[in-house]
Amino acid sequence: MHLLICTTVLSESLVGIDCMNLNKLQEEKYFIKTKKFLMIGQSKICVKLREENLACKSVEIVHIVKPEAPFDLKVNYRQRANDFEVTFNTSHLQKKYVKQLMHDVAYCQEKDGNNWMHVNISNTRLTIPQRKLQPDAMYEIKVRSIPHSDYYKGFWSEWSPSSHFKTPEANSAEEMNPVLLTISVTSFFSVVLLVILACALWKKRIKPIIWPSLPDHKKALEQLCKKPEKNFNVSFNPESFLDCQIHKVDDIQSRDEVENFLQDTLSPQLEESEKQGLAGSEHEPNWPSQIPIITSEIFKGELPIRSPGGNASACNPSMLPSFWAPDCREGIRSGSHVYQDLLLSSGTTDNTMLRPFPHQSGILTANPGVQGQPILSSLRQNQEEAYVTMSSFYKNQ
Amino acid sequence: MFHVSFRYIFGIPPLILVLLPVTSSNCHLKDKEGKGYKNVILVSIDELDKMLHIDSNCLKKEPNYFKKHSCADKKEAAFLNRAAYKLEQFVKMNITADFELHLLKVSQGTLKLINCTKEETVSKEPKKNDQCFLKTLLQKIKTCWNKILRGH
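Residue numbers (the working numbering), protein chains in the order written: chain A, 1 to 397; chain B, 1 to 152.
No lab work stands behind these hints, which were simulated from the structure alone. We treat Cβ as the ideally placed atom computed from N, Cα and C, and that holds for glycine. Mixed in with the good hints there might be a few duds.
[Said to hold, decoys possible] Facing chain A, from chain B, some residues (calculated, C-beta under 10 Å):
id : residue
1  : Leu29
2  : Val43
3  : Glu47
4  : Asp49
5  : His53
6  : Lys60
7  : Lys61
8  : Asp98
[To be verified] A partial selection of chain B residues facing chain A, derived with a Cβ cut-off under 8 Å:
id : residue
9  : Pro13
10 : Leu15
11 : Lys112
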């Protein structure tokens, strides 16, 4: 007696069913391998005795699918992430029909026997956190697959070959990276040092920058004026200037004009001193010897002289301070002179002293008359005041 | 008048009966969700497409066959049925064994999914190596299936 099992397969004929015989694998186990399976509709499997069908069964081939077992199972420990990366491969990734599978990853402690943990995934990569595993223990891991689509259904595949891995010890996980430790200690000490320095230098350096104090005029002046050297001899006594050449100027010489004339700053001062000077005209004869020569670089360039030229009658006494102005004319003449920077003399017409001021256009000769006296006295008074202030300052030092 | 009534009673109804099968569709689709098409037939159509090396001018010229038989509304199943039978004629093209298998899967798979009451008459056989016609036919089958699935 011969048993044959046949199944419906693709046929070259349009009508009719073709049978293919299965091969006997073992007792009660038959096997067939072919590409001719038509995976649509029912297929009939029959047990034949010679030509007679003893029994037949209709099956849907797409519902009895058993996938091939996965392979190449690997476990990788990632120290930084503190987890285990599990990867494996399956031949169904390259197949055309049964491509969608569900994978069951199972792991357990080797000494624990049958206490398997299961994880279901649809792709071929899994991450197991370290905290879920016991430290310093050996683990076994394996994986299997089952069809997971709306068309193909079936059974679990065989388990993949097991893989083994060991979890690290508990202490090693807490060990810090030596580099990280060094950096943290260094930064701690540098912070402490910064705090100490900040406290020490707070008053002297840091606070003046962050919270500067309001300037005091006396202190500011002290800072501006440098302390003279020990052997530095300063004196405003006119006798100390005997070796200096003093050149008086008598005439006005017309030259090119100078721009930027500060008429307004001078006029109120000189008007006030002019009023005072009216009463003090007797100072005039002694004036050349009494009034010292004052050169101040502060006034340099601030009081440019415009070249006068023309009739003296055009000048107004109240406008005398404005002989700095272009309105004044050459008619203003006297034995006394006024220089741009308040340099005074009583005689010479030599104007070599004006060399440091090349931009000046002219030298004025002040009128020795009434018109000139108020100016000179007021100027003299200002100079005296300046002298007094500077000398008192020097004494304070 | 008696003769006129006879004409109407015995003349027109048989005429209607004869013409009715021509207008009505005798095929209907079993797999309305298209699972069999997506998982099996479409795979084979794509494999056949890869195996057929056709120049680009092929798909521009449509053979007359498709002007007569098209995937018209409510006649999609009938078109697919006719196309499946047409595919069978190309089985003996003898390109490769795999080519033949995929052709059979498309044609017999389609016939399994469609139920027709009337058998299709086999039309004139095309030229045996008319790969351009085959490629066009496969594209038409694919388009018709997509139309059916979109409608559902």
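Structure-based check of each hint:
Interface hint at B:Leu29: violated, since its Cβ lies 13 Å from the closest Cβ of chain A, which is beyond the 10 Å cut-off. With its C-beta approaching chain A no nearer than about 5 Å, B:Val43 sits inside the 10 Å limit, and its interface hint holds. The criterion of a C-beta within 10 Å of any C-beta in chain A is met by B:Glu47, whose closest approach is roughly 8 Å, and the hint holds. Nearest Cβ of chain A to the Cβ of B:Asp49: about 14 Å, over the 10 Å cut. The hint is violated.
Because the beta carbon of B:His53 sits about 20 Å from the nearest beta carbon in chain A, more than 10 Å, this interface hint is broken. The beta carbon of B:Lys60 comes no nearer than 30 Å to any beta carbon in chain A, farther than 10 Å, and the hint placing it at the interface is violated. The restraint placing B:Lys61 at the interface with chain A is violated, with a minimum CB-CB distance near 29 Å, outside the 10 Å limit. Restraint check, B:Asp98 versus chain A: the minimum CB separation of about 8 Å is within 10 Å; hint holds.
Because the beta carbon of B:Pro13 sits about 35 Å from the nearest beta carbon in chain A, more than 8 Å, this interface hint is broken. Hint on B:Leu15 is violated. Least Cβ distance to chain A is approximately 33 Å, over the 8 Å limit. The beta carbon of B:Lys112 is positioned within 8 Å of a beta carbon in chain A (closest approach about 4 Å), and the interface hint is therefore held.
Figure legend: structure checked against the earlier numbered hints; hints not met, in rising order: 1, 4, 5, 6, 7, 9, 10.
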